[in-house]
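Under the numbering used here, the letters of the sequence shown match residues 1 to 267, in that order.
There may be inaccurate statements among the hints.
Subject to a maximum C-alpha distance of 25 Å in a straight line, what follows is the list of computed DMTMM-like cross-link-like pairs (lysine to aspartate or glutamate) [said to hold, decoys possible]:
| # | residue 1 | residue 2 |
| --- | --- | --- |
| 1 | Lys-124 | Glu-93 |
| 2 | Lys-124 | Asp-57 |
| 3 | Lys-124 | Asp-95 |
| 4 | Lys-124 | Asp-75 |
| 5 | Lys-124 | Asp-176 |
| 6 | Lys-124 | Glu-175 |
| 7 | Lys-124 | Asp-149 |
| 8 | Lys-124 | Asp-36 |
| 9 | Lys-124 | Asp-140 |
Calculated from the structure, these hints are not laboratory results.
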Amino acid sequence: MAIIAHFRHRLQPQWAGHEEQPMSTNDGPATEAPFDARAEARRLLRTSRWGTLATLDRRAGGPYASLISFAADVDGAPLLLISRLAVHTRNLEVDPLCSILLAQVGAGDPLLHPRVSLTGHAEKTEEPRARRRFLACHPDAAFYAGFADFAFYRMVVHGAHLVAGFGRIVDISPEDLLLAMGEASGLLPAEEEAVAHINADHADAVALYATRLLGRREGSWRVTGIDPEGCDLALEEERARLLFSERVTSPAELRIALQQLATRARG
């Protein structure tokens, strides 16, 4: 209850005598923002729902690729829900080394769209947060998540390779890809209650985050996860990523960050 008390205030401006900072404007010629490989790779981690999992075939020894549903842990590490009846799971039981390809394909040549390949090893996890975050991203998976042959896995990332267009091919270390969570330990226990509270009591603000700040379509958007950098939004099959202006590490800082976003959206 102490955690949820941080979110009892309405998500509206509460700083009397302090004017909202205007959104950035551009008075001169349009300039393209510098390419940020780390930010693009992190965006793919947070907004991808499906990916290709490559494991080492336990029988032939060669690569075996399969389609899997995908979600991200609070630090961005991949979360999987897979069945022991599947070939890829049996492969992981013999050798946990694996790779995951995440790609967001749109109109035109698929090779012109960004994708990131992750390498590492998969470990079975019974961490409640893994289950919660995965099912928030894939609600329909709740039907079979409790089956005896299904288990959650978390990928320990060894490295990443981003291809985001011509001249934008970058190797990314785990330290640059994943979020450091050491000083944000106070935020972790608050996440579940904060997500539930925001979706239940501030659905109007969440919708404004998506439509006015991110330019997405109207609908019943919901928050699926919160981390120090931002929050993940979902509407049916669509996913979006909303960044905070500053890193947050506590429930109090989170409340302020959400208030600031609501102020911008309503402005």
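Hints, one by one, checked against the model:
A threshold of 25 Å between alpha carbons decides the hint, and for Lys-124 with Glu-93 the separation of about 10 Å falls inside it, so the pair holds. For the given pair, Lys-124 sits about 19 Å from Asp-57 by alpha-carbon distance, which is consistent with the 25 Å threshold. For a cut-off of 25 Å, the pair hint linking Lys-124 to Asp-95 stands: about 13 Å separates their Cα positions. About 17 Å separates the Cα atoms of Lys-124 and Asp-75, which keeps this hinted pair within 25 Å; it holds.
At roughly 24 Å between alpha-carbon atoms, Lys-124 and Asp-176 fall within 25 Å of each other, so this suggested pair holds. Simply put, Lys-124 and Glu-175 have alpha-carbon atoms about 22 Å apart, close enough for the 25 Å limit, and the pair holds. About 12 Å separates the Cα atoms of Lys-124 and Asp-149, which keeps this hinted pair within 25 Å; it holds. For a cut-off of 25 Å, the pair hint linking Lys-124 to Asp-36 is broken: about 32 Å separates their Cα positions.
With a CA separation close to 21 Å, the supplied pair Lys-124 and Asp-140 stays within the 25 Å bound.
Taken one by one, the earlier hints fail for this structure only at number 8.
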